[in-house]
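Asks: Chains as they are written, first to last, in the working numbering: chain E, 193 to 434; chain G, 28 to 353.
If you're looking for bench data, these hints aren't it; they were derived computationally from the structure. On a predicted model such as this, the values are computed, not experimentally measured, just so you know. Heads up, a few of these hints could be off.
[To be verified] Simulated crosslink set (DSSO-like; lysine-lysine; CA at most 30 Å straight-line): (1) G:Lys-238 x E:Lys-307; (2) G:Lys-189 x E:Lys-307; (3) E:Lys-327 x E:Lys-307; (4) G:Lys-177 x E:Lys-301; (5) G:Lys-208 x E:Lys-348; (6) G:Lys-33 x G:Lys-170; (7) E:Lys-300 x G:Lys-170; (8) E:Lys-256 x E:Lys-266; (9) G:Lys-347 x E:Lys-327; (10) G:Lys-214 x G:Lys-39; (11) G:Lys-170 x G:Lys-189; (12) E:Lys-324 x G:Lys-189; (13) G:Lys-55 x E:Lys-303; (14) E:Lys-301 x G:Lys-170; (15) G:Lys-343 x G:Lys-39; (16) E:Lys-321 x G:Lys-39; (17) G:Lys-39 x G:Lys-177; (18) G:Lys-170 x E:Lys-317; (19) G:Lys-55 x E:Lys-324; (20) G:Lys-212 x G:Lys-55; (21) E:Lys-324 x G:Lys-212; (22) E:Lys-317 x E:Lys-303; (23) G:Lys-238 x E:Lys-266; (24) E:Lys-348 x G:Lys-238; (25) G:Lys-189 x G:Lys-33; (26) E:Lys-303 x G:Lys-189; (27) G:Lys-347 x E:Lys-303; (28) G:Lys-170 x E:Lys-303; (29) E:Lys-307 x E:Lys-324; (30) E:Lys-398 x E:Lys-251; (31) E:Lys-327 x G:Lys-212.
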Amino acid sequence: MTLLTVENMSKNFSGLKAVTDLSLTVEEGQICGLIGPNGAGKTTTFNLITGFLPVSAGKIFFDKTEITGLESHKICDIGLTRTFQHAQPFRGLSVHDNVLTGSFLRNKKRKDAEKITDDALDMVKMYEKRNKLTKDLTIGETKRLEIARALATGPKMLLLDEVMAGLTLVEVDEIIQLIFELRDSRGITFMLIEHVMRAVMSLSDKVVVLQHGVKIAEGTPAEVAANEKVIEAYLGEDENIA
Amino acid sequence: MIEQTKQNNLIKTLLYILTIILVLAVLKLPSNIVHVLILVFFYAYVSTAWDILGGYAGQMSFGHSLFIGVGAYTSTLLLLRLGITPWIGLFVSGLIALVIGAFMGFLCFRSNITGFYFALVTIVFVEISRYLSLGFEWTGAAKGLYIPYKGNNISNLQFDSKYMYFYVIFAMYIGILILYKAIMKSKSGFYFLAIRENEEAAESIGINTYKYKMLATIISSFLVGVAGSFWAQYITFIDPYTMFDFMLSVQIIFFAVAGGRGTLFGPLVGAALFVPLSEGLRTMMGRIAGINILVYGIILILILRFMPDGIFVWVKDRLKNLSHGR
């Protein structure tokens with residue numbers, strides 16, 4: 193079943209075309225990578241899908257419902273949650289309280305919300321650090337906290353914006369494992385913006401490549417890696433990524 | 028962990044004992060002291076109500092005297108023009124303040140006016156209200172309204188001795204503490220905090236930021252409206268300049284910020300320290316106009332420099348360090 197459908201979506205910032213006529217679909221249970229050089233419009237695409245920016249044209253469907261123009265919190269309520277490129281934890285709150293805030297979306301009672309919170313913290317291996325303040329966390333921990341908070345909202349699909357940027361190799365491997373685990377045990381569908389090629393290639397069932405706001409290629413990691421347009425535009429003319 | 032629970036229990040017991048002593052002592056205290064205590068708890072109550080919106084949900088209202096004024100005028104007009112008892116007046120005052128708060132919130136939050144701009148709008152509302160209440164003979168215009176004394180009668184909310192007023196405002200303060208604590212523990216409380224810390228992130232995890240900012244506004248304005256009508260009953264005279272007063276709004280914020288924004292007892296700590304100080308300064312140095320404002324200013328600067336989270340938080344942190352043997 194197709195979970196997310198983007199139809200001919202465009203975004204202009206007073207003349208500047210950030211995204212042009214973008215169409216894509218993500219199937220349930222899929223992990224879809226969204227790649228492209230800096231300024232290709234990847235984060236804008238996320239902002240458009242999750243309602244943080246209004247689209248200039250086009251339609252977006254999620255789980256058989258049109259979500260174009262819906263407010264972000266409603267989109268999250270339907271089951272589509274995102275994380276941010278620059279992690280945005282609630283600074284004054286502890287790790288536990290950050291995640292608890294997410295848990296309240298589907299649990300009115302504190303007791304139920306606490307259970308979801310512990311579970312989400314456990315999932316990202318942050319349970320031991322639950323009483324820490326967010327300012328005392330490393331980049332890697334902050335990113336995991338963001339995933340836990342998003343996870344606590346009980347999403348059908350997660351949009352992760354550069355969740356591996358700035359992490360060590362070991363941490364990258366942990367996040368890759370985590371994404372596989374979440375997909376397999378919870379059936380969560382993923383779309384990820386990522387610059388860490390190793391992660392994109394090993395995780396993605398499908399990769400969409402953007403350049404200057406236009407989709408230039410789509411396919412399995414192997415197909416995309418072999419695509420001449422992609423190699424030229426994104427990976428550099430003479431480089432061999434395989 | 029166990030140490031901390033022990034310490035908390037000790038503090039709790041101390042608080043209960045203090046409360047009982049206070050409630051009993053009021054009967055024997057001279058009336059000028061009781062007056063200061065009434066002021067302390069009135070400001071503690073109003074600052075706590077402000078804190079739900081300003082400290083917890085992070086929407087800085089600089090116009091909370093608006094709701095005091097609205098509350099005071101509503102119950103007084105109901106009493107004088109229609110003969111309705113202030114007990115009903117209290118409640119109606121809260122409701123009218125709530126409606127005005129909701130209108131203000133709707134104007135601001137629907138069009139994403141927050142931060143400084145929200146603060147400005149709240150100031151404008153106070154100014155408008157003052158001119159409106161000045162403009163009509165029906166509201167007493169510049170002469171104000173006077174509540175005649177009709178004898179010691181609980182149904183009029185009028186008493187011949189100060190301590191009864193103290194019990195009323197003290198009970199109101201206990202009530203707001205219980206409410207504040209319930210909010211802190213609830214879903215709404217966490218949503219308020221999330222909005223204060225990061226609205227974008229709050230939206231991303233499904234929080235309807237508009238709805239919860241409105242909720243904080245109406246809770247806060249209702250509670251302050253009720254306090255306004257109590258205030259009118261106590262001082263028995265209201266006019267546009269003392270009710271819709273910008274300095275009054277600033278004081279409300281001052282107590283909460285100095286004591287500890289977003290904390291349960293912060294507003295009380297602020298009010299308990301600075302109301303007596305201000306009253307003392309006024310009686311001792313009354314000839315120098317505005318001396319209390321000057322002193323306030325200096326203290327506020329010092330507090331923000333050395334205890335940015337407020338006195339309550341500062342003391343709590345010191346205690347915590349002590350108990351850890353540092």
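Asks: Now tell me, hint by hint, if it's right for this structure.
Replies: Quick rundown of the hints versus the structure:
no.: 1; hint: G:Lys-238 x E:Lys-307; result: holds (26 Å)
no.: 2; hint: G:Lys-189 x E:Lys-307; result: violated (50 Å)
no.: 3; hint: E:Lys-327 x E:Lys-307; result: holds (24 Å)
no.: 4; hint: G:Lys-177 x E:Lys-301; result: violated (49 Å)
no.: 5; hint: G:Lys-208 x E:Lys-348; result: violated (34 Å)
no.: 6; hint: G:Lys-33 x G:Lys-170; result: violated (56 Å)
no.: 7; hint: E:Lys-300 x G:Lys-170; result: violated (51 Å)
no.: 8; hint: E:Lys-256 x E:Lys-266; result: holds (15 Å)
no.: 9; hint: G:Lys-347 x E:Lys-327; result: holds (19 Å)
no.: 10; hint: G:Lys-214 x G:Lys-39; result: holds (25 Å)
no.: 11; hint: G:Lys-170 x G:Lys-189; result: holds (26 Å)
no.: 12; hint: E:Lys-324 x G:Lys-189; result: violated (48 Å)
no.: 13; hint: G:Lys-55 x E:Lys-303; result: violated (46 Å)
no.: 14; hint: E:Lys-301 x G:Lys-170; result: violated (52 Å)
no.: 15; hint: G:Lys-343 x G:Lys-39; result: holds (14 Å)
no.: 16; hint: E:Lys-321 x G:Lys-39; result: holds (29 Å)
no.: 17; hint: G:Lys-39 x G:Lys-177; result: violated (41 Å)
no.: 18; hint: G:Lys-170 x E:Lys-317; result: violated (67 Å)
no.: 19; hint: G:Lys-55 x E:Lys-324; result: violated (48 Å)
no.: 20; hint: G:Lys-212 x G:Lys-55; result: violated (38 Å)
no.: 21; hint: E:Lys-324 x G:Lys-212; result: holds (19 Å)
no.: 22; hint: E:Lys-317 x E:Lys-303; result: holds (21 Å)
no.: 23; hint: G:Lys-238 x E:Lys-266; result: holds (12 Å)
no.: 24; hint: E:Lys-348 x G:Lys-238; result: holds (24 Å)
no.: 25; hint: G:Lys-189 x G:Lys-33; result: violated (38 Å)
no.: 26; hint: E:Lys-303 x G:Lys-189; result: violated (45 Å)
no.: 27; hint: G:Lys-347 x E:Lys-303; result: holds (28 Å)
no.: 28; hint: G:Lys-170 x E:Lys-303; result: violated (55 Å)
no.: 29; hint: E:Lys-307 x E:Lys-324; result: holds (19 Å)
no.: 30; hint: E:Lys-398 x E:Lys-251; result: holds (21 Å)
no.: 31; hint: E:Lys-327 x G:Lys-212; result: holds (23 Å)
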